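Chains as they are written, first to last, in this note's numbering: chain A, 1 to 121; chain B, 1001 to 1422.
Hints listed in this document are in silico derivations from the structure and should not be mistaken for laboratory results.
Incorrect hints may appear among the rest.
[Stated by the list, open to error] Here are some of the chain A residues that sit facing chain B, going by a computed Cβ distance under 8 Å: (1) N47; (2) T49; (3) R50; (4) M83; (5) T115; (6) H119.
Since we're looking at a predicted model, the values are computed, not measured.
The C-beta atom is built at its ideal place from N, Cα and C for all residues, glycine as well.
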Amino acid sequence: MEKRELTCINCPMGCQLTVEMEGNEVLSVSGNTCPRGDIYARKEVVNPTRIVTSTVRIIGGDKERCSVKTANDIPKGKIFEIMKDIDAAVAHAPVKIGDVLVKNAAGTGVDVIATRNIHQI
Amino acid sequence: MKQYDIVIIGGGPAGLAAAVAAKKAGNDNILILERDHELGGILNQCIHNGFGLHTFKEELTGPEYAYRFIEQVYELGIEYKLNTMVMDISADKVVTAMNREDGMFQIPAKAVILAMGCRERPRGALNIPGYRPAGIFSAGTAQRLVNIEGYMPGREVVILGSGDIGLIMARRMTLEGAKVKVVAELMPYSGGLKRNIVQCLDDYGIPLKLSHTVVDIEGRNHVSAVTIAEVGPDRRPIPGTEERYTCDTLLLSCGLIPENELSRSAGIDMSNITSGPIVNESLETSIPGIFACGNVLHVHDLVDYVSEEASRAGENAVKYINAGCKAHEGSNDIQLVATSGARYTVPSTIDPENMDKLLTVRFRVGDVYKNCYVNVYFNDERIMHNKKRIMAPGEMEQIILQKKKIEEYPDLKTITIKIEKD
Chain A
1 MEKRELTCIN CPMGCQLTVE MEGNEVLSVS GNTCPRGDIY ARKEVVNPTR
51 IVTSTVRIIG GDKERCSVKT ANDIPKGKIF EIMKDIDAAV AHAPVKIGDV
101 LVKNAAGTGV DVIATRNIHQ I
Chain B
1001 MKQYDIVIIG GGPAGLAAAV AAKKAGNDNI LILERDHELG GILNQCIHNG
1051 FGLHTFKEEL TGPEYAYRFI EQVYELGIEY KLNTMVMDIS ADKVVTAMNR
1101 EDGMFQIPAK AVILAMGCRE RPRGALNIPG YRPAGIFSAG TAQRLVNIEG
1151 YMPGREVVIL GSGDIGLIMA RRMTLEGAKV KVVAELMPYS GGLKRNIVQC
1201 LDDYGIPLKL SHTVVDIEGR NHVSAVTIAE VGPDRRPIPG TEERYTCDTL
1251 LLSCGLIPEN ELSRSAGIDM SNITSGPIVN ESLETSIPGI FACGNVLHVH
1301 DLVDYVSEEA SRAGENAVKY INAGCKAHEG SNDIQLVATS GARYTVPSTI
1351 DPENMDKLLT VRFRVGDVYK NCYVNVYFND ERIMHNKKRI MAPGEMEQII
1401 LQKKKIEEYP DLKTITIKIE KD
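Please take these sequences and the hints and turn them into a complete structure.
Right, here's the structure in full:
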């Protein structure tokens, strides 16, 4: 049996959660004061995901950088691989919110999309 | 210069929402003055997500949230001037501003909405000893450099203060290849959201040292090391607890201060606690026809609340103009008092005649409170008794007052908010 310690992120209480696991199966969650803590802990230990936000270099635009995000949650372990793809990317203006600037980032199947408009100059 | 009914100072989230609401309330003669080269304010550099859950029921990044409002400003044909600095607002609502196209100009307005936002507490206000080398930035300045300009301020970073901007920048610098060595927080609790502590620090193994502060900065030309020490309950450093970190960058995330030079020079009454104007139920300041909203009024935790508050300021400015720009009479005003743990309220006074059916009163607490009650007293009678599992200084609290209830108390002079054990 494996024990994992987590801090719940749902409210300022920040309950210290203890999750008991057998392989990939959650046996118990303790330390939470409300059901939201239980739900959070079960997802976080088995399949933690994050949205990654960064910027992509722009050529020929009215801005040097365009802010971007992954179109969906990606596995937490892939964050730095995705950052490598984002840092290597270059986009040409104009760019519109929602444009795909990196396709299938780090093989996750998730695209990186623009979160602002860039005008051409 | 063209005449305008409503001049809005600032084109960030507050100014945009105020403009959109005023236009929708029927006024067609609105001007937004913005000193930056684009609308959107600080949201443009807040590229992380988590904005808009209340307003749009989805998680947006800062630029996306701003664009939802900018788009409306375009579609509604609301006028705005960029690269324009407001120099003065007079007590009779003449706005003096300047830019490269128009030079210096004056606009006599019927109503003015203050939406200038806030700025970060700088090093000079923190009394940190040590040299004054390059490499010390406020967290927001670093955020602008990284996210807008595309420059990295440094490679090895120490952060003082655990406000949300500091936490967000700890992650941002880490993602771009910097090593964030420690986040030191003077208080025994963090001013940032739990979610940010977990997802910006814990995710990347960055230590958060509570009850710690910077006691020395080394480096003649550029920062070379920072020493932090533990502080006692009196917030003074405890000798012998010093730890030295070699680094090339120190980021400061030590609080936000409403930017009220214009309000003060106009002669508006200010609150010592929020550093923002004192306002009534209509978000009107002590000068009739000048309204305030967003972080210039009091520093908010969520932009959704800024948008909501600013919309009300916009609507109230239109109401004021439609009613013939009459000064508020004020003899029936009810005073709002925050005490026993509650630090302030916005608004400070309520004229029951001018209030909507429901009025949201926002406040903050001065300490971390667990299993306490927010008690609301009409004169001496307790009329609200809300249990709270936790309240913290970093989060805004609110109560909602009903006009119907207030009208049941014709002799009501004060409404008091207290944080109590029962």
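Each hint tested on the structure:
1. N47: 15 Å, violated
2. T49: 11 Å, violated
3. R50: Interface hint status for R50 of chain A: holds (7 Å vs cutoff 8 Å).
4. M83: 5 Å, holds
5. T115: Cβ of T115 of chain A sits 4 Å from chain B, so the hint holds.
6. H119: 10 Å, violated
Hints 1, 2 and 6 from the earlier list are contradicted by this structure; the remaining hints agree with it.
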